[in-house]
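Participant: This is what each chain is made of:
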Amino acid sequence: MLNVTNLSHNFGPYWALKNCSFSLDKGEFLFLTGSSGAGKTTLLRLLYASLPVMRGNVTVAGYNLRALPARKVPDLRRQVSVVFQDFKILPYRTVYQNVAMALEVRGLNQVHIDRRVRAVVRGLGLESRINMLCGELSGGEQQRVAVARSVVVNPKILLADEPTGNLDEELAARMIGIFKQFHMHGTTVVLATHSSDIVRMHPEARQLRLEHGKIVAANWRGAEIFSDGISEVHV
Amino acid sequence: MLNVTNLSHNFGPYWALKNCSFSLDKGEFLFLTGSSGAGKTTLLRLLYASLPVMRGNVTVAGYNLRALPARKVPDLRRQVSVVFQDFKILPYRTVYQNVAMALEVRGLNQVHIDRRVRAVVRGLGLESRINMLCGELSGGEQQRVAVARSVVVNPKILLADEPTGNLDEELAARMIGIFKQFHMHGTTVVLATHSSDIVRMHPEARQLRLEHGKIVAANWRGAEIFSDGISEVHV
Amino acid sequence: MRVFFKLLGQGVRDIALHPWAQLMTLLAVTFITFLAGLMLLGVGNLDNELRVTRGEVAFQIYWKENASPERVKTAWRSLRGMDGVVEVLTYTPKQALKDLSSTLPGGSRGLLQAESSPLPYTAVIKFAHRSGDVASWKKATLAALKGLPDVRSVRSSSLKDEVSRAWQELSSTFMAPVLVFLVLILSMAVGNTMKLSLISRQDEIEILKLVGAKNWYIRTPLLVGGALLGSVGGLLGVAGLYAAWWNLKDTFNFAPLYWELHFLPVDQALMLILIPMLVGCVSSWVAVRN
Amino acid sequence: MRVFFKLLGQGVRDIALHPWAQLMTLLAVTFITFLAGLMLLGVGNLDNELRVTRGEVAFQIYWKENASPERVKTAWRSLRGMDGVVEVLTYTPKQALKDLSSTLPGGSRGLLQAESSPLPYTAVIKFAHRSGDVASWKKATLAALKGLPDVRSVRSSSLKDEVSRAWQELSSTFMAPVLVFLVLILSMAVGNTMKLSLISRQDEIEILKLVGAKNWYIRTPLLVGGALLGSVGGLLGVAGLYAAWWNLKDTFNFAPLYWELHFLPVDQALMLILIPMLVGCVSSWVAVRN
Ligand SMILES: Nc1ncnc2c1ncn2[C@@H]1O[C@H](COP(=O)(O)OP(=O)(O)OP(=O)(O)O)[C@@H](O)[C@H]1O
Ligand SMILES: Nc1ncnc2c1ncn2[C@@H]1O[C@H](COP(=O)(O)OP(=O)(O)OP(=O)(O)O)[C@@H](O)[C@H]1O
Ligand SMILES: [Mg+2]
Ligand SMILES: [Mg+2]
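Read top to bottom, the protein sequences are chains A, B, C and D. Read in order, the letters of the first sequence are residues 1 to 235 in the working numbering. Read in order, the letters of the second sequence are residues 1 to 235 in the working numbering. Read in order, the letters of the third sequence are residues 1 to 290 in the working numbering. Read in order, the letters of the fourth sequence are residues 1 to 290 in the working numbering.
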């Protein structure tokens, strides 16, 4: 489902990712941890073709990202849903419109869209906000809209970048619960977070720790820990 | 220093704040908690005149916000520094430029600006990023730039809205440490957060809990707990 | 298909998102169209005027003093039968003298009382403006007129010809580039405003791409918006031009000038609407390409 | 003061932030200025041409047939002394006949051989175009000319007068609004592009306000940017106009027309630079007011 081998990425002289290798099977759940600037967002951006893969190889949902032509990118992104760290929702559209957008670009029919959007919005506790403009929402509410838009399409792979940064423990747990639910139905989930609390509450999930662009710890065999004599401890 | 009496605020029919009253003396440290949508950001926005005070009275640093003419707003904002929940930094400017901006609008001389900016940026662990464009920074790095810009001016009052949402425990603690330092030097700090961990680590500080726009808990005498038979427990 | 119409509708509805920017853009398109149209109108009418009053070719024919009246009259009849003739004025020596004296004050009676008129038989023949190889046609006509029996000399009025020739030279060497240039200005201005108004939609485009929208899905509403802006702007511009023309058209329309301003021909008016529309489409397309 | 100069500099440097948008705006300003200038140029030259060749007032004076030659000659001398006279053409009866016959082909010898000329003493007097109350001046002049001894009648050439009058009517009733209208178009277009280019700086302005910047601090760089854009655009437009004029100016400059196109007067050219500059300033100012 998701295969990363020897992936490196640099911004000018700065190496944001170095020689990362790991693979995930269909329906697995991965927590991606690492302190600020470790390379979590960079890794996720490479996985949904927002950054080009220059070194190493990445295969996502059967697409080889090293050789993906630009016109195939929309196809990839219909398999891979993303919750962005900075939300990327439209402030001048309502909650409903922002969430429905992801279904509309797929050309689904209106009745189906309506049912799915309302179900997901209810699940995230936003039903009273559904017709409000997103620009008028609180930080946590906006974050939940971002999550709603990514899960509404029932993706094969779900990438979530810090999806609980603006939520308190209770809401965060509820959101993780929603991700878990999709995971149960076969979605592969990659969740980047800095919160060790959340990770600790789900010991059964895969975990990967980045430090300065290198994988420094992992709790399953599919990941290659960077063996440069720095740190090789499993979390 | 900061006096709020009977403050209410509505967006259309929706009451985001209801009858809030509390006061803070110079140099106090307040944690503002409450779940997503409780009204934390709304309260802060009222305090720095980003929303007009319609009902109730607010006095901040000697300015009566109920009757503040538009041309006085810049004066208020030179006393009150804010860390915004959505950062509000310029992606096409460097870290240095974004932080220096707050000093430049005050017309300080270049040598002084340079010294202050570099000191604050170093304190937040961003010295290696100082000449990078903010749009190229990671989420946590951007958040730290936002904090740097607000503390660099040595404000009388510091309002921080969820300043640690994108930071791991270690960086969060370091940042609270920086706020504490300013607090020691006489700055009044109001810090909105959803993280009960952080609040628990600072039991000596003032605490105020909002729920649906009402003050439902506080740990000092200066705050009036909403007495509508709902909840009156001190945290 | 259903999706396509939805996208069309969205393109129209999206105008409401930034009404101020859209209105400003619309006004810019309108004004530029109006300006371009005004220039076309001015050039077209001047051109027209020159063709009608100046472009026509007039010849003055003078017969010998001893020409036989019968031969002259026959020649006059044949003149009227020539191809492209607009008007033939003929003067017997008496009539010529009378006409001449009538231009003098009080009808210089002395002149009229002269026993025999000192003037020859005269005719003025005017041909309509013709395109094509005017020079050689003129040469041939001149020869034909000179060949009429007893004709002493034939003249054509030179100033009018010169102006007409200069204007045609100007038209052919400068009007084409000037028109192309105007279209370029239009494209530039419309494209500019479109591009700038698209800046405010960059976020939306970015997000649509990130949630898996295909290119045509993103571009259709933008194209519709651009085309709508261009065509409505063009339409308003032409309407404004029509109003302006309506107010101005009789300014020069008095005796003895009778110069009535004409509106643009239909094809030019249509172009003034179609070109901004096309430019709107194209510039929207270009704006989202990168 | 130091801060002020820093802000000026920032206004200039900020152009580099969105070079594409700024370039497009600059081009739009350039082209609109060019268009406006082209219209001014056209109008100005036509106006000029009408004033020079048509606006002048000509009177034809005919003396009685029995007028005494001495009196006529005295009158001629006094004509030349009149105020605003451009040209006086005088004809004795003999000269008039010769002149007349010379317009006929082959110099109709019969006419010249007439014992005494049937034509009267004649004079044509041309006055330069004059502004002010032309009608009453003309009436007075007409009366004065008619009052000369032995004068039978005085005429003034009507077509030229009519055209001249119509053009002046057009100028006074339509040119002012048209010019105001052009300035409006200019303001609109420049303001529009300025406003749109400012959209991309809204974030910056919002943040500056939030960190306590005073209004002048925010506006000065924007004003400088707007003024720069407007004035450079205007300058380029006028330069382009000059280039176009240079290429076109001799198009009508041939014998016997000698109509040389003139460039805009300095004050109009300056206006074409100053107005976009002002508009750029004002629209920047307005854009950040809300
Ligand atoms: N476009 C870019 N150009 C230059 N450097 C970049 C760019 N994007 C990211 N970086 C740098 O790469 C490093 C990794 O960034 P990344 O966003 O992946 O971190 P992260 O793990 O997501 O951190 P956070 O938890 O703070 O979001 C950062 O130090 C950042 O400054
Ligand atoms: N401009 C606005 N128009 C309408 N409703 C608004 C507006 N701003 C905020 N609200 C509503 O007011 C409520 C309080 O918002 P606020 O941003 O103060 O919450 P918050 O406590 O900061 O939440 P969070 O922790 O999620 O940031 C929210 O439910 C929000 O939807
Ligand atoms: Mg990140
Ligand atoms: Mg908030």
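Honestly, the hints are just simulated from the structure, not real lab data. Some clues are possibly wrong.
[Unchecked claim] Listed next, the in silico EDC-like pairs over lysine to aspartate or glutamate satisfying Cα-Cα at most 20 angstroms (straight line):
1. K214/D - D75/B
2. K88/B - E127/A
3. K18/B - E170/A
4. K88/B - E87/D
5. K88/A - E206/C
6. K98/D - E65/C
7. K209/D - E136/B
8. K88/B - D114/A
9. K6/C - E136/A
10. K88/A - D75/B
11. K88/B - E206/D
12. K209/C - E136/A
13. K88/A - D203/C
14. K6/D - D114/B
15. K88/A - E136/B
16. K88/B - D250/D
Participant: Confirm or reject each hint.
Facilitator: Hints, one by one, checked against the model:
no.: 1; hint: K214/D - D75/B; in the structure: holds, 8 angstroms
no.: 2; hint: K88/B - E127/A; in the structure: violated, 28 angstroms
no.: 3; hint: K18/B - E170/A; in the structure: violated, 24 angstroms
no.: 4; hint: K88/B - E87/D; in the structure: violated, 78 angstroms
no.: 5; hint: K88/A - E206/C; in the structure: holds, 9 angstroms
no.: 6; hint: K98/D - E65/C; in the structure: holds, 18 angstroms
no.: 7; hint: K209/D - E136/B; in the structure: violated, 24 angstroms
no.: 8; hint: K88/B - D114/A; in the structure: violated, 34 angstroms
no.: 9; hint: K6/C - E136/A; in the structure: violated, 27 angstroms
no.: 10; hint: K88/A - D75/B; in the structure: violated, 33 angstroms
no.: 11; hint: K88/B - E206/D; in the structure: holds, 9 angstroms
no.: 12; hint: K209/C - E136/A; in the structure: violated, 24 angstroms
no.: 13; hint: K88/A - D203/C; in the structure: holds, 8 angstroms
no.: 14; hint: K6/D - D114/B; in the structure: holds, 16 angstroms
no.: 15; hint: K88/A - E136/B; in the structure: holds, 16 angstroms
no.: 16; hint: K88/B - D250/D; in the structure: violated, 60 angstroms
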